[in-house]
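Undergrad: Chains as they are written, first to last, in my numbering: chain A, 1 to 392; chain B, 1 to 136.
Keep in mind that the hints are not guaranteed to be accurate.
In silico DMTMM-like pairs for lysine to aspartate or glutamate, Cα to Cα no more than 20 Å straight-line [stated by the list, open to error]:
| id | chain 1 | residue 1 | chain 2 | residue 2 |
| --- | --- | --- | --- | --- |
| 1 | B | LYS104 | A | ASP338 |
| 2 | B | LYS104 | A | GLU29 |
| 3 | B | LYS108 | A | GLU343 |
So these bits of chain B aren't anywhere near chain A, every CB distance computed over 10 Å [to be verified]:
| id | residue |
| --- | --- |
| 4 | ALA12 |
| 5 | SER106 |
| 6 | MET124 |
| 7 | GLU132 |
Honestly, the hints are just simulated from the structure, not real lab data.
Glycine included, C-beta positions come from ideal geometry on N, C-alpha and C.
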Amino acid sequence: MKKYRVTKTYQEINEKIRQGKAVVVTAEEMVDVVEKHGHVEAARKIDVVTTGTFSPMCSSGAFLNFGHTAPRLKASKVWLNDVQAYGGIAAVDCYIGVTEVAEGDPLNSVYPGEFNYGGGHVIEDLVAGNVIRLRAEGYGTDCYPARKYEKNITINDLRDAMLFNPRNAYQNYSCAVNMSDKTIYTYMGVLRPRMANANYATSGQLSPLFNDPYYLTIGIGTRIFLGGGQGYVAWHGTQHNPNVIRGKNGIPREGAGTIAVIGNLKEMSPAWLVGASMLGYGVSLYVGIGIPIPILNEAMAQYTSVKDEDIYTQIYDYSMDYPKGGALKSLGEVNYRDLRSGEIVVKGKKVVTAPLSSYYKAREIAQILKEWIERGDFFLSEPGQSLPTGSA
Amino acid sequence: MYSKKVVIRYTADNVDQPIICQLVKKHDLDFNILKAQILPRREGVIVVELTGSKENFDRGMRFLKEKGLQVEPVSKNVSQNTDKCVHCGACIAFCPTDSLYLDKQSMKVLFDAEKCNGCEFCVMACPVRAMEVNIF
């Protein structure tokens with residue numbers, strides 16, 4: 001066990017929050033604090049660092065229970081504004097996934113498809129309080145005789161609504177270019193030919209898992225900002241992979257950790273859950289997530305002071321290499337300071353960059369979370385179990 | 001030198017006349033057609049950048065209006081819906097005139113309508129459909 005010069009417990013930090021004495025900064029502000037005071041002194045001064053990210057996050061969706069009907073129905077097929085939700089759960093439970101496209105959408109038959117409405121938009125409409133057309137069909141049983149049900153509902157008519165996203169807040173993500181001679185339409189946005197643009201995601205130094213690269217404080221049961229409400233880390237996310245190449249600072253140099261998150265959809269807001277239409281690709285949902293990181297010791301102060309220039313990612317070709325599957329060949333490494341400068345150099349060529357994540361909104365989330373903690377409206381929770389860390 | 005991008009709208013009465021030709025000959029203006037859609041005997045829209053002295057430009061505008069055409073700056077027809085925009089920046093790599101850009105301080109996506117030439121590349125690149133163009 002490593003000896004730290006500063007040690008604090010979750011209970012001590014929460015007690016400070018309760019007394020309104022906790023010192024909270026955002027991950028951006030922490031960079032300066034550590035630069036000025038060093039990480040040991042910073043650990044003494046600062047109790048919590050808040051992070052934020054706001055990005056299209058596929059592998060998101062919501063479990064909804066629309067309440068029993070009279071006569072009763074076992075809904076095996078469910079649609080919300082003509083977007084199919086998965087009904088094979090129970091009588092009136094369903095799961096609406098964000099990438100499900102509205103029925104009757106021409107998809108990519110008129111290429112590139114516009115994908116104007118889908119599951120992500122249904123969730124945005126729900127949290128906005130908009131009216132949604134609910135349709136359900138069952139095959140009829142002795143206990144659930146109804147075959148059909150149709151009603152206009154809002155989120156208030158739902159008995160329960162919980163956002164449950166199996167894979168969010170990716171710790172690092174690749175930068176996408178197109179080396180072919182024609183424009184391609186991907187989940188990383190529109191990529192113009194001959195590397196005319198490079199698209200990237202994540203909020204860099206503000207992004208949650210970059211500030212706790214070995215998941216020492218972010219674990220199962222961590223309370224978080226989710227979609228404008230308070231939610232929890234439910235599990236490690238699907239495709240969670242801690243065993244990737246990391247820099248000396250512990251930061252993965254490609255996609256690595258992920259988290260599954262859960263929260264009460266009824267407490268969330270359309271400012272932080274926004275439907276997305278990716279031209280030629282499909283629909284998704286922008287999700288806003290913020291995670292507080294307790295500064296338990298100087299190591300956490302060091303981790304949370306990570307800067308954009310110390311975070312690297314790989315550049316991949318999405319025209320040939322990505323679609324064909326298998327191991328990807330990196331076209332080079334680039335850091336987030338350069339990505340955010342608006343221009344990078346790939347194989348000797350200047351390439352314009354475009355983000356898919358909103359740094360502006362990520363910053364707002366970190367700020368809101370900071371205010372919640374300062375006001376005593378948000379307390380830290382100690383993880384019940386750590387995320388798989390691999391060989392840290 | 002004065003230069004401005006304008007949207008000129010024709011009606012069924014004047015869409016068949018060579019008005020742009022007369023405009024540049026009479027008023028000594030350079031023109032660069034950015035976009036056009038002409039439906040003979042019905043209507044037409046042309047987006048054009050006009051360059052010349054301010055005096056000639058103003059006289060040219062009066063001439064177009066006398067001919068019964070509707071003229072407005074391009075900037076009136078393109079807008080960023082700031083209620084919808086999430087400031088991600090997916091649009092900026094597509095904007096050929098740099099009228100959409102990321103403000104380095106606030107990290108907000110800003111739109112300078114004066115620079116816009118109405119190409120509409122941003123409209124579909126935007127995942128939340130925050131760019132609104134009403135030219136055609």
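Undergrad: Of the numbered hints stated previously, which ones are contradicted by the structure, given in increasing order?
TA: The structure breaks hints 5 and 6; every other hint is satisfied.
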